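Novice: Below, each chain spelled out in residue letters.
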Amino acid sequence: MNKILFVYDDHSPLKNSILNCSVESIHADQYKNQQAQVIYDFTTYEREEKKKLLKSLQSQNIISELTCLPLEEFYSEFKNLKACFSSLFVTSKRKIEIHFKEQVDTTDAFSRLELFPVEVKTKGIGFIYPRTFAQIVNEAYFALEESVASKEDIDRAMKFGVNYPFGPFEWSEGKEKFIIRILTELQKTDSSNRYHISPLLIKEAQ
Amino acid sequence: MKLEKVLIIGAGTMGSGIAQWFAQQKVQTILSDTNEEQAKSAQEKILSSWKKLAAKGKFSQAQCNEFEQRLSLCTSNNYPRDCDLIIEAIIEDLSIKKNLFEQLNQLVKPDCIIASNTSSFPIKLLCEDLPEQRKKNFLGLHFFNPATIMKLVEVIKSEYTDEKISSELYQWFDLRGKKPALCKDSPGFIVNRVARNFYGEPLRIVQEDNSKKMQEVDEVLREVAGFKMGPFELMDLIGIDINYSVTCSVWEAYHREDRFAPHPLQKQMVDSKRLGRKSKRGFYSYE
Chain A
1 MNKILFVYDD HSPLKNSILN CSVESIHADQ YKNQQAQVIY DFTTYEREEK
51 KKLLKSLQSQ NIISELTCLP LEEFYSEFKN LKACFSSLFV TSKRKIEIHF
101 KEQVDTTDAF SRLELFPVEV KTKGIGFIYP RTFAQIVNEA YFALEESVAS
151 KEDIDRAMKF GVNYPFGPFE WSEGKEKFII RILTELQKTD SSNRYHISPL
201 LIKEAQ
Chain B
1001 MKLEKVLIIG AGTMGSGIAQ WFAQQKVQTI LSDTNEEQAK SAQEKILSSW
1051 KKLAAKGKFS QAQCNEFEQR LSLCTSNNYP RDCDLIIEAI IEDLSIKKNL
1101 FEQLNQLVKP DCIIASNTSS FPIKLLCEDL PEQRKKNFLG LHFFNPATIM
1151 KLVEVIKSEY TDEKISSELY QWFDLRGKKP ALCKDSPGFI VNRVARNFYG
1201 EPLRIVQEDN SKKMQEVDEV LREVAGFKMG PFELMDLIGI DINYSVTCSV
1251 WEAYHREDRF APHPLQKQMV DSKRLGRKSK RGFYSYE
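As they're listed, the protein sequences go chains A and B.
Anchor point for the first sequence: position 80 equals 80 in the working numbering, and the numbering is continuous, going up by one each time.
Position in the second sequence (first residue = 1) + 1000 = the working numbering.
This is chain A alone, in the form it adopts within the complex (with noise of 0.2 Å):
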């Protein structure tokens, strides 16, 4: 049995990807058990809920987007979670980082997405690229909440400055909630008021 299988709910920003591409998908609402030798997990879940989907998928090798959750407690928790990704914030590079607990084949079932997997051995909360650019964006929050000036004036401001690729704004359009629950999951790991979230940036992820 070489099947794979990706899984997916409503929020998975490649859905349509996984809708459209040659392995079969199921929404993670209607998993019933079905078993594949690897099984990709592409849900976006918060803590209880993505344990109970992992809890309940038939496979001995999981592959998991874990973008805002611990790496390690997962790894701890679920010994058939193989690897981890991180596939929220997509660029137009389609290269996600990934890690690996034991080493699975993970090409071809990415290159089904035109997506490039990148090996990491960091495994910290919000691996490395969402973790610095959550920090940015709510920096950015900060200062549009303190009148520093406009959305469209911070966005040009980090593209022509510094050569962002994009401003925080636009990059982080419709992200917003996965950038507050990156920084939440980093608020349990550090005493101090580092990752104090901007109001603006919850306000406007509501």
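Read the hints as simulated data drawn from the structure, not as lab findings.
This one's a predicted model, so the numbers in the text were calculated from it and none came from an experiment.
If you only want the chain A side, here are some residues facing chain B, beta carbon under 10 Å, derived:
1) K95
2) V118
3) G126
4) F127
5) P130
6) V137
7) E146
8) V148
9) M158
10) F160
11) G161
12) N163
13) F166
14) R194
15) H196
Partial pick of chain A residues on the chain B-facing surface, computed with a CB cut under 10 Å:
16) T122
17) I128
18) R131
19) F133
20) Q135
21) E139
22) F142
23) A143
24) D155
25) P168
26) S192
From the derived model, a few chain A residues whose C-beta atoms are all more than 12 Å from chain B:
27) S17
28) Y75
29) K79
30) T107
31) T184
The beta carbon of each residue, even a glycine, is placed where N, CA and C say it ideally should be.
On the provided structure of chain A, position chain B as indicated by the hints.
Specialist: Here is chain B on its own, set in the frame of chain A:
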């Protein structure tokens, strides 16, 4: 808004880049520095840059000749009185800057716009001792290096700045291919504030002096996120000491808020003189 004559004070990297860009905009541009040799050397570099740009076909020879005619030097005791705009790009020293603005106040025409290219001092602080009318015509114009290439100009209005001046300057730059961003007079303005976490967060991800981890972070932020350079290679290029100093200055200005706190590794690098490419060792080795 008509800007026919511009004086740039300070012929370091920023001042000379700003002067070069203005001379390319059909504006009579005067570059000045207290160190006359520095000013001459900056002028030579600008002329040589135009020659190279003409050879590459970026500008015609005729255009470069015009630019050359528009650019001149003056000494610090001979500033022209009839400039429309003065941009200060001298050393980041508050009292030296304030003395210069006082000197200019006594000298230049009443409607001359005076701007500072400072990246660390509040605009309000720089102009607070000037007469009310001067304060209205005083603002920050923060260019980015290299000023001829980087399109951003932060147009910073203090609480005294006349809205008309800042919005007209915004339009003036916009019409000439720059990408102005209007911002309030607050620490770090836009870029130096929002970009702090591009360095601060990766430092917290790696936590220690480990070039393998840094390489991974640099590669991911370049290859996955799409930034032109990774944070560690960029800090090495900028100078770890310079980046650390900006971090500290923004942190202090925000009353040591945790979001802006420098990472201990930054101080450790500065103390051990590992300053980046310029010292051949930084987060990476260049020997």
